[in-house]
Amino acid sequence: MPEGEQGLVRRFQDGDRGVFDDIMKLFQERALSLAYYRTGRREDALDIVQDAFIRMYKVLPGWEPKASLFTWLYRVIVNLSVDRGRALARAGKVSLENIPEPSDEKISHNPRSVLEGKETAAVIEEAVAQLPPKQRDVFVLRQYQRLRLKEIAQIQGCSVGAVKANLFQALRKLRVSLSGYYKE
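Just so you know, the sequence shown maps onto residues 3 to 186 in my numbering.
What the hints contain is simulated information worked out from the structure, not anything from laboratory work.
None of these values were measured; they are calculated from a predicted model.
We treat Cβ as the ideally placed atom computed from N, Cα and C, and that holds for glycine.
Just to be clear, a hint being listed does not mean it is correct.
Unchecked claim - Each computed DSSO-like pair below joins lysine-lysine, with the alpha-carbon atoms no more than 27 Å apart:
1. K166 with K136
2. K152 with K175
3. K27 with K68
4. K152 with K68
5. K136 with K152
6. K175 with K68
To be verified - Here are the simulated distance ranges between beta carbons:
7. D18 with V84: 46 to 52 Å
8. P63 with A89: 41 to 47 Å
9. K68 with V125: 24 to 30 Å
10. V178 with G9: 26 to 32 Å
11. A167 with E31: 25 to 31 Å
12. E121 with G163: 35 to 41 Å
13. V125 with G9: 40 to 46 Å
14. D18 with A89: 22 to 28 Å
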């Protein structure tokens with residue numbers, strides 16, 4: 003667990019509840035990104051992240067770090083996202099067409115570049131969406147969340163070898179499905 007995270011958790015456990023804002027700031031961007039990826043809807047992502055932080059607040063007084071706090075938070079967000087998806091499906095409000103829009107923040111303001119960037123992102127997102135769930139999750143955690151293989155293994159509840167195998171298979175399938183869009 004990073005030293006900053008560990009120190010903040012210790013201060014929280016020692017009674018400084020105001021430090022929770024700093025703990026949230028550590029994870030907020032990645033948590034929201036993950037929830038948005040899982041749900042495809044900003045409103046749902048915000049609700050899920052809020053629920054996850056409430057759960058974290060309740061768990062922190064007795065927290066004993068066996069893994070990073072983000073590993074725990076990731077699992078909570080995934081579970082809440084699955085629950086939200088099931089609830090929406092039962093209510094008939096879910097669309098399989100919900101693919102998150104790529105962020106335009108770092109894309110050139112040249113209209114042609116913006117259009118090409120969006121088209122490329124859509125093609126890549128569609129290819130990633132076609133991966134089997136375990137391979138897709140491992141790929142997203144590694145490429146988009148930038149987690150280490152060991153952290154992914156903890157999140158997935160499997161060995162590092164299984165993570166490597168799923169990542170290898172995901173990359174192989176993506177190379178095949180995207181082969182018409184790039185030159186080696």
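Taking the hints in turn, this is what the structure says about them:
1. K166 with K136: 11 Å, holds
2. K152 with K175: Judged against 27 Å, a Cα distance of about 23 Å means the pair holds.
3. K27 with K68: 21 Å, holds
4. K152 with K68: 12 Å, holds
5. K136 with K152: 15 Å, holds
6. K175 with K68: This hinted pair is violated, its Cα atoms lying about 34 Å apart.
7. D18 with V84: 46 to 52 Å: 33 Å, violated
8. P63 with A89: 41 to 47 Å: 29 Å, violated
9. K68 with V125: 24 to 30 Å: 39 Å, violated
10. V178 with G9: 26 to 32 Å: 46 Å, violated
11. A167 with E31: 25 to 31 Å: 30 Å, holds
12. E121 with G163: 35 to 41 Å: Since the Cβ atoms of E121 and G163 sit about 36 Å apart, the hinted range of 35 to 41 Å holds.
13. V125 with G9: 40 to 46 Å: Holds - the Cβ-Cβ distance for V125 and G9, about 43 Å, lies within 40 to 46 Å.
14. D18 with A89: 22 to 28 Å: This hint is violated: roughly 36 Å between Cβ atoms.
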